[in-house]
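Top line first, the protein sequences correspond to chains A and B.
The opening position of the first sequence corresponds to residue 244 in the working numbering, with each subsequent residue numbered one higher.
The opening position of the second sequence corresponds to residue 45 in the working numbering, with each subsequent residue numbered one higher.
Since the hints were derived computationally from the structure, they do not count as laboratory data.
Any given hint might turn out to be false.
[As the list claims (entries may be wrong)] The following residues of chain B were derived to be distant from chain A, with all beta-carbon distances above 10 Å:
| # | residue |
| --- | --- |
| 1 | Leu132 |
| 2 | Asp133 |
| 3 | Ala287 |
[Unchecked claim] In silico DSS-like cross-links for lysine-lysine, where the CA-CA straight-line distance does not exceed 30 Å:
| # | chain 1 | residue 1 | chain 2 | residue 2 |
| --- | --- | --- | --- | --- |
| 4 | B | Lys57 | B | Lys47 |
| 5 | A | Lys409 | B | Lys57 |
| 6 | A | Lys265 | B | Lys157 |
Cβ coordinates follow ideal geometry from the N, Cα and C atoms, glycine included.
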Amino acid sequence: MRELRGLYIIWYRDLLRFWRNKGRLLSSFIMPLLFLVIFGSGIASSMTGLTGGGVNFNYIEFMFPGIIGMVVLMAAIMSGVSIVWDREFGFLKEVMVAPMSRTTVAIGRTLGGATIATIQGVLMLVFIPFVHISVSIGQVLLILPLMFIMAFALTAMGILIASRIKSMETFQVIMQLLLFPMIFISPAMFPTEFLPSWLNAAVKINPVSYAIDSLRQALTTPPPGMPGFGMSLFGHPMSIVEDIAVVALFALIMVSLAVWSFGRQE
Amino acid sequence: MGKIIEVEHLVKKFGDLVAVDDVSFGVEEGEIFGFLGPNGAGKTTTINILCTLMRPTSGRALLNGFDVVRQQNQIRHSIGVVFQDPSLDIVLTGVQNLYIHAYAYGVPASVRKQRIEEVLRLVGLWDVRNKTVREYSGGMRRRLEIARGFLHFPKVLFLDEPSLGLDPQTRYAIWDYLLNARKREGITMFLTTHYMDEATVADRIAIIDYGKIVALDTPEALKRMVGGDIITLKTGNVDVAIAEIHDRFGIDAQRDSEGVFFEVPNGEQFIPLLVNNFKTEIHSLSLRRPTLDDVFLKLTGHEIRDEAGGDTAMRRQWAMRTARSRGGGMSH
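Chain A on its own, in the form it takes in the complex (with noise of 0.2 Å):
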């Protein structure tokens, strides 16, 4: 009962600084803005023009699905790490004085970080209509699991690197090399079956590109003879059942490592 509650205080906390921050949530918008509008339209262009138009391949359409996995990578892996900030602020010594044990406050602390993530995902449906492409009810509700699971894996991630780091120098150095890569050796912004074999290994080890992945079978329909729009494994392409499972795995394996590593420090 204890334990409880103080998962939903924690949980509740996140949210309400959420909430609060409107600033961000509005920020959070801006960069999948820069990237469906100029980055996909630009690479939309190009791409007919390089194909001739024979292929009836929209690149938005693509892309977004890579887009809404971003978002919520991003958001999820800094939800995670803003315990440095509270390190930082000193909020954390009361978290660490109050009466639930630290596994409750790693947890609460990924539930928070997901559901925001979620909620920011969710978020990013608003630009449905200007990517042309139609999306159903149950299409929405499916994907919201989808982004759960992947939000609460990165935001545990987040938490596990939080508890190693202790200065904010290296918190920025780790957030780019992490950051990015993770989003862009991934299928999120381009078909990865053509890229060379030491990229597309890359890309196979990256969980996230399986996240992404279960998004795009979720939201899109591959066009006939478009080969390497969905991800394969040893030749096998993945069904969003595999591809969920492999996202699942993840998350486990990080939340185990979070609350492992949140519970030994300090």
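Starting from the known structure of chain A, fit chain B onto it as the hints suggest.
Just chain B now, kept in the frame of chain A:
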């Protein structure tokens, strides 16, 4: 009333540095217990051990009958802590900070709202309760932290340098609140400070220096260790006054910037004797009780605020701070 805190042979080392060096003491229930000493003496380290943020290297500490190493959850339920460094969520409002605390500590929903209003009024923050803490001044933040500390009516309230960086007026106001709260709730308070006047609110004081307790008694008893009252006399002719005091009372007075001063066992009875038939002209005469500053100086041989001069003390303090922020061997 029994002992609510019992500490036996407590030791905490950070590498070579012995921050807390074989410390033993007990705190009675309902008492205000003060730790007085310069920065780096081991006050915060002791508090961190007692509130489960650090594990002791050796020794034993019980709080409310619970062991600080093995029964952390029970301890955390029994205490409130006002940390030396800020510990508020500055993105949230004052009332939100308190709500989260009340919820986490299981203050029943039926009294939560009323209790929050009560403590906010007590520390004079009710009018700004819906402002973000970022907008609060330093004094307001401190008051909010103190309100939060006793929001859940802990058995023991730890106050680590509660008035650090506060102006005297705010300091008095806060102590007013705290003493009131103690009267009403019977909270035991464990206070650390390096302000002498703040230490005098304590029922008993442990003077701590370089990790060791050098004296532990009531403020009055500690002051009696100095000897007597200090009389300062201003006169136009210092040498003649010194000679006359020596001839008549056998006391060796000393000169300082203000005039002449000397120590006597009972100042009030001595002053009439002195003034009666004193040949040298007296401009003014003052009687001063010994302060804890005098006690500290007598016991340790150095002044409590002698921080800039005390190079080893500085290094010691620095080493402890870095060890703390690295989380030197803390617990789960």
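Hints versus structure:
no., hint, verdict
1, Leu132, "7 Å, violated"
2, Asp133, "5 Å, violated"
3, Ala287, "59 Å, holds"
4, Lys57/B <-> Lys47/B, "26 Å, holds"
5, Lys409/A <-> Lys57/B, "21 Å, holds"
6, Lys265/A <-> Lys157/B, "26 Å, holds"
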